[in-house]
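A.B. asks: Sequence:
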Amino acid sequence: MATLFLKTIAYDVNRKGFFSPSWRNFLWTPEVVVAQCEKCAPTGEIGLDCTCGIYGSPNIETLEEYHKYPNSVVAIMNAYGRFDIWNGPRDLSQYYVIRCWGAKIVGILTTDLTTKYNIAGQRAQSAVLAMDKFNVGGEQLYLAKEMIRQSWLKTIDIDLVIPYKET
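Under my numbering, think of the first position of the sequence shown as 135, with each following residue one higher.
Just so you know, not all the hints are guaranteed correct.
Lysine to aspartate or glutamate pairs mimicking EDC-like chemistry, simulated, CA-CA at most 20 Å apart [stated by the list, open to error]:
1. LYS238 with ASP183
2. LYS238 with ASP218
3. LYS250 with GLU273
4. LYS250 with GLU198
5. LYS267 with GLU280
6. LYS250 with ASP218
7. LYS202 with ASP291
8. LYS250 with GLU195
9. LYS202 with ASP266
10. LYS150 with GLU280
11. LYS202 with GLU165
12. LYS238 with ASP266
13. LYS267 with ASP183
14. LYS288 with ASP218
15. LYS267 with GLU198
16. LYS288 with GLU199
17. LYS150 with GLU172
18. LYS267 with GLU165
19. LYS173 with ASP246
20. LYS250 with GLU199
21. LYS238 with GLU273
Pairwise CB distance ranges, derived in the manner of DEER restraints [as the list claims (entries may be wrong)]:
22. LYS173 with ASN252: 18 to 26 Å
23. TYR203 with TYR251: 15 to 23 Å
24. GLU198 with GLN259: 14 to 22 Å
25. CYS171 with GLU280: 30 to 38 Å
26. GLN170 with GLU199: 35 to 43 Å
27. LEU161 with ALA258: 18 to 26 Å
28. ASN252 with TYR203: 38 to 46 Å
Just so you know, these hints were derived from the structure itself, not from any lab.
For each residue, glycine too, the CB sits at the ideal point set by N, CA and C.
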């Protein structure tokens with residue numbers, strides 16, 4: 135079983151692709167994307183002395199800062215290679231952050247983070263484009279949370295029930 139996590143991606147109309155809001159020069163592809171560092175990319179591992187890798191979280195609350203982008207969607211990612219897990223920053227310390235060597239988009243969240251209803255408008259258009267580009271399905275928040283929780287429990291023996299408050 136894979137270790138799943140969440141990451142915000144946003145659609146760029148001019149480049150006709152999806153980028154990470156924190157790293158705008160990079161466009162996501164349907165394949166497994168690996169660390170961009172010359173030292174770590176070929177090895178399948180990320181160095182403890184390096185900051186490269188793919189960052190995300192199993193906790194949706196850590197992604198709310200990126201919700202301001204109207205063309206952003208939350209991707210469900212599969213972690214590849216070595217990964218590190220630590221507590222979130224001070225204001226989100228009850229949640230986890232993951233940094234992995236590689237990742238692949240395996241689903242798109244179809245629940246709006248603010249309203250907790252289905253996404254609509256520009257965000258819904260971005261979600262449909264993402265599902266088509268990455269050949270994945272859309273998932274509701276409650277199902278995505280449970281898929282992620284089960285993957286963490288089975289692969290790394292961390293139960294995400296406590297930080298996963300009911301939303």
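A.B. asks: Each of the hints needs a verdict: does it hold here or not?
C.D. replies: The hints, checked one at a time:
| no. | hint | verdict |
| --- | --- | --- |
| 1 | LYS238 with ASP183 | 24 Å, violated |
| 2 | LYS238 with ASP218 | 17 Å, holds |
| 3 | LYS250 with GLU273 | 13 Å, holds |
| 4 | LYS250 with GLU198 | 12 Å, holds |
| 5 | LYS267 with GLU280 | 25 Å, violated |
| 6 | LYS250 with ASP218 | 29 Å, violated |
| 7 | LYS202 with ASP291 | 33 Å, violated |
| 8 | LYS250 with GLU195 | 12 Å, holds |
| 9 | LYS202 with ASP266 | 23 Å, violated |
| 10 | LYS150 with GLU280 | 32 Å, violated |
| 11 | LYS202 with GLU165 | 27 Å, violated |
| 12 | LYS238 with ASP266 | 15 Å, holds |
| 13 | LYS267 with ASP183 | 34 Å, violated |
| 14 | LYS288 with ASP218 | 16 Å, holds |
| 15 | LYS267 with GLU198 | 24 Å, violated |
| 16 | LYS288 with GLU199 | 29 Å, violated |
| 17 | LYS150 with GLU172 | 27 Å, violated |
| 18 | LYS267 with GLU165 | 11 Å, holds |
| 19 | LYS173 with ASP246 | 38 Å, violated |
| 20 | LYS250 with GLU199 | 16 Å, holds |
| 21 | LYS238 with GLU273 | 16 Å, holds |
| 22 | LYS173 with ASN252: 18 to 26 Å | 43 Å, violated |
| 23 | TYR203 with TYR251: 15 to 23 Å | 19 Å, holds |
| 24 | GLU198 with GLN259: 14 to 22 Å | 21 Å, holds |
| 25 | CYS171 with GLU280: 30 to 38 Å | 33 Å, holds |
| 26 | GLN170 with GLU199: 35 to 43 Å | 22 Å, violated |
| 27 | LEU161 with ALA258: 18 to 26 Å | 21 Å, holds |
| 28 | ASN252 with TYR203: 38 to 46 Å | 18 Å, violated |
When each numbered hint is compared with the structure, violations occur for hints 1, 5, 6, 7, 9, 10, 11, 13, 15, 16, 17, 19, 22, 26, 28.
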